[in-house]
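K.L.:
So the chains spell out like this:
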Amino acid sequence: MAVSVETSAETPVEPMPESAPKTAPGVRVGGLSVVYKTPAGELPAIAGIDLELRPGTITGVVGESGSGKSTLALSLLNAVQPPGRIAAGSVEIDGLGDVVGLRGEELRKARGRHIGYVFQAAQNSLNPLKTVGKQLLDLGRSHGVSDLRALVREAKELLGRMGLDGARVLDSHQHELSGGMRQRVGIMLALVLNAHLVVLDEPTTALDMITQATILRIIREVHEERGLTTMVITHDLGVVAEVADRLAVMYGGRVVEQGPTHEVLATPRHPYTRGLLGAIPRLVGDIDEARALPGRPPTLGTVPREGCVFRERCALRMDVCETVEPPTVADGPRLVACHAVEAGGAVREESA
Amino acid sequence: MTVIARRLAGHLARGLVMVLVVTSISFVIIRNIPGDPIAARYEKLIEQGMSPEQAERATAVLYGFMPKGNLWQQYLDYMSGLFRLDLGESLMTPGAQVTDVLFEATKWTVLPVLVGTLLSFLIGIMMGVYAAIKRSGRLGDILAVSGSLLHGIPQYVLALLLGALFTTLIPILPSGGTADIMFEPGFNLGYIGSLIEHAALPVLTYALASYGGWILAMKSSVVTVLGDDFILAAELRGMKRSIVFRYIARNAILPLFTILALSLGLLFGGAIFIERIFNYPGLGLMLIDSITNRDFALMGGAFLLITIAIIVANIVADMLYTVIDPRVRSGEEAGR
Numbered sequence: 001m002a003v004s005v006e007t008s009a010e011t012p013v014e015p016m017p018e019s020a021p022k023t024a025p026g027v028r029v030g031g032l033s034v035v036y037k038t039p040a041g042e043l044p045a046i047a048g049i050d051l052e053l054r055p056g057t058i059t060g061v062v063g064e065s066g067s068g069k070s071t072l073a074l075s076l077l078n079a080v081q082p083p084g085r086i087a088a089g090s091v092e093i094d095g096l097g098d099v100v101g102l103r104g105e106e107l108r109k110a111r112g113r114h115i116g117y118v119f120q121a122a123q124n125s126l127n128p129l130k131t132v133g134k135q136l137l138d139l140g141r142s143h144g145v146s147d148l149r150a151l152v153r154e155a156k157e158l159l160g161r162m163g164l165d166g167a168r169v170l171d172s173h174q175h176e177l178s179g180g181m182r183q184r185v186g187i188m189l190a191l192v193l194n195a196h197l198v199v200l201d202e203p204t205t206a207l208d209m210i211t212q213a214t215i216l217r218i219i220r221e222v223h224e225e226r227g228l229t230t231m232v233i234t235h236d237l238g239v240v241a242e243v244a245d246r247l248a249v250m251y252g253g254r255v256v257e258q259g260p261t262h263e264v265l266a267t268p269r270h271p272y273t274r275g276l277l278g279a280i281p282r283l284v285g286d287i288d289e290a291r292a293l294p295g296r297p298p299t300l301g302t303v304p305r306e307g308c309v310f311r312e313r314c315a316l317r318m319d320v321c322e323t324v325e326p327p328t329v330a331d332g333p334r335l336v337a338c339h340a341v342e343a344g345g346a347v348r349e350e351s352a
Numbered sequence: 001m002t003v004i005a006r007r008l009a010g011h012l013a014r015g016l017v018m019v020l021v022v023t024s025i026s027f028v029i030i031r032n033i034p035g036d037p038i039a040a041r042y043e044k045l046i047e048q049g050m051s052p053e054q055a056e057r058a059t060a061v062l063y064g065f066m067p068k069g070n071l072w073q074q075y076l077d078y079m080s081g082l083f084r085l086d087l088g089e090s091l092m093t094p095g096a097q098v099t100d101v102l103f104e105a106t107k108w109t110v111l112p113v114l115v116g117t118l119l120s121f122l123i124g125i126m127m128g129v130y131a132a133i134k135r136s137g138r139l140g141d142i143l144a145v146s147g148s149l150l151h152g153i154p155q156y157v158l159a160l161l162l163g164a165l166f167t168t169l170i171p172i173l174p175s176g177g178t179a180d181i182m183f184e185p186g187f188n189l190g191y192i193g194s195l196i197e198h199a200a201l202p203v204l205t206y207a208l209a210s211y212g213g214w215i216l217a218m219k220s221s222v223v224t225v226l227g228d229d230f231i232l233a234a235e236l237r238g239m240k241r242s243i244v245f246r247y248i249a250r251n252a253i254l255p256l257f258t259i260l261a262l263s264l265g266l267l268f269g270g271a272i273f274i275e276r277i278f279n280y281p282g283l284g285l286m287l288i289d290s291i292t293n294r295d296f297a298l299m300g301g302a303f304l305l306i307t308i309a310i311i312v313a314n315i316v317a318d319m320l321y322t323v324i325d326p327r328v329r330s331g332e333e334a335g336r
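So the protein lines, in turn, are chains X and A. In terms of the UniProt record's numbering, the first sequence opens at residue 1 and continues consecutively. In terms of the UniProt record's numbering, the second sequence opens at residue 1 and continues consecutively.
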């Protein structure tokens, strides 16, 4: 594989087709590990993640701060920032191949054109000195768009679609836009080149509730209209419940449970997922019913080297958890990595 | 546009008031410096071996040029002269108009210092960007350390070192003055070549002395911008490297424009040490001479020039921001 990358990097870059494939691509993350270089050596931020984004679905990835979800999102663009690096694994994207092997110009052209990335609340994702429109033109020129007028038209339409005055927004600088408007500009820039894989990193964090709801509605609508494959990173289960078809729960750099959103939320199997759901205060009933998970999530330095990463906080901890990392086991459409769940019994009965 | 014009008018009005206030204050200070021009001249002549009678006779002519009346009268005369651009007559070279003397000295300061500043700015900026991008590499370290070193060496030490190096160890440059006297001043090749040769050391010293500051300032500014989200965002949107580089450069250079504008204002103060060491007849040297000779009028004129230059530089810096930073611009338009 390395060889093919070398040669294609040397040959003159072929002109990109005017638009990316019109179909939603599938994404298969296999055995992905990302390590960060620290004074204490290279520490894993995510370790051996297997995850599939099915074409045309919205996959939600939830986890606490430091669980590795943003690192996972950046990996999809092969954009893990130094001192981190992808140590192992692959990210196969239909129409692109394994992006982990992409380098230089090939990688640059894949970004934006095939994979749209929306930043956390997009508060600062724009050059403060240039108008949105000028940055849009920079984007178009970067990707060899010949018809810049059409690009601007497309951008205005997308902005209009999201309830903004396209012409005015394109004529504005970042500081003249509100948080919600900036977020919509971020979404527009991720979609305007017709990317069909869109990664949203905490798209509603730092926005007020009304704007959050609007943004989520827009994500859902645009996703369906354009036929996208979408990944939404969030720490907010409510966001996932609202938009995602499938849900992956991350903890300590691992996906501990994944499956269809409604199933995972209705009958969580992994003790961490159960803990997360149990910690949400209800609108009705006693506030004390919400129970916080004891302990704190591991950091880069404190993730256990062997055994289950969650055992320190787990109520179902067994001897085997100390030494053996739980394998991911399929259970219908669900994948769970937990010794206790694998052993059957308690968890399932309790949740039934 | 009208907003900018209104802003400019405001600045000019405030600047004018400031000039009058500063001039008044410096007038009072200058007139209260111990000693007077005649005494200063008298002592100098005595030192040179004149007899007291000779010296008295030689200085008598100066009385004609001394300001008349009490301090109030002198102040009013001075200020009213100011509005006719008449700064009085220099006492050092009796009969010469201060404005002419100033103009003559300015000629020798502005061009070398301007060239030196712009040269060090451009090189410092470029090296600063490079040092920031390669900050974890050896070359980046070397650049940063060279910046710190040059920034740390005092101007006069640098001037002496360069002077010793290029006039004595490797004698390729002249050690002082503005041009060889064998050339006829004017627009001829020999004279211009000699001018450049003589200006080389002052310019080089000035450029090297300020280069360190630019490289350090630019490096830290670029490092800050590199950490900004919008740079990563531009990369993740697949922007071309050249475009991302422009985003970085333009944002990073912004804070340095203020420093540049202000240092251009300061250049009218002259580079005192450099001019002294290379015997270059610029504003700095003139200012020192005027102080040792208690030449009130010339001192006042020099201070006035420096004041105006710095106020103008401030206005230019501010107006520049209005043009290049949209955030400042719209802050001004907020009330529309």
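Keep in mind that the hints are not guaranteed to be accurate.
Keeping only pairs whose Cα atoms sit at most 20 Å apart, straight-line, the calculated EDC-like set for lysine to aspartate or glutamate is [claimed, not checked]:
| hint | chain 1 | residue 1 | chain 2 | residue 2 |
| --- | --- | --- | --- | --- |
| 1 | X | Lys134 | A | Glu184 |
| 2 | X | Lys130 | X | Glu176 |
| 3 | A | Lys240 | X | Glu176 |
| 4 | X | Lys130 | X | Asp165 |
| 5 | A | Lys240 | X | Asp165 |
| 6 | X | Lys37 | A | Glu184 |
| 7 | A | Lys107 | A | Glu184 |
| 8 | A | Lys107 | X | Asp147 |
In case anyone wonders, no lab produced these hints; they're calculated from the structure.
K.L.:
Of the hints given before, which are not true for this structure?
P.N.:
1, 3, 5, 6 and 8
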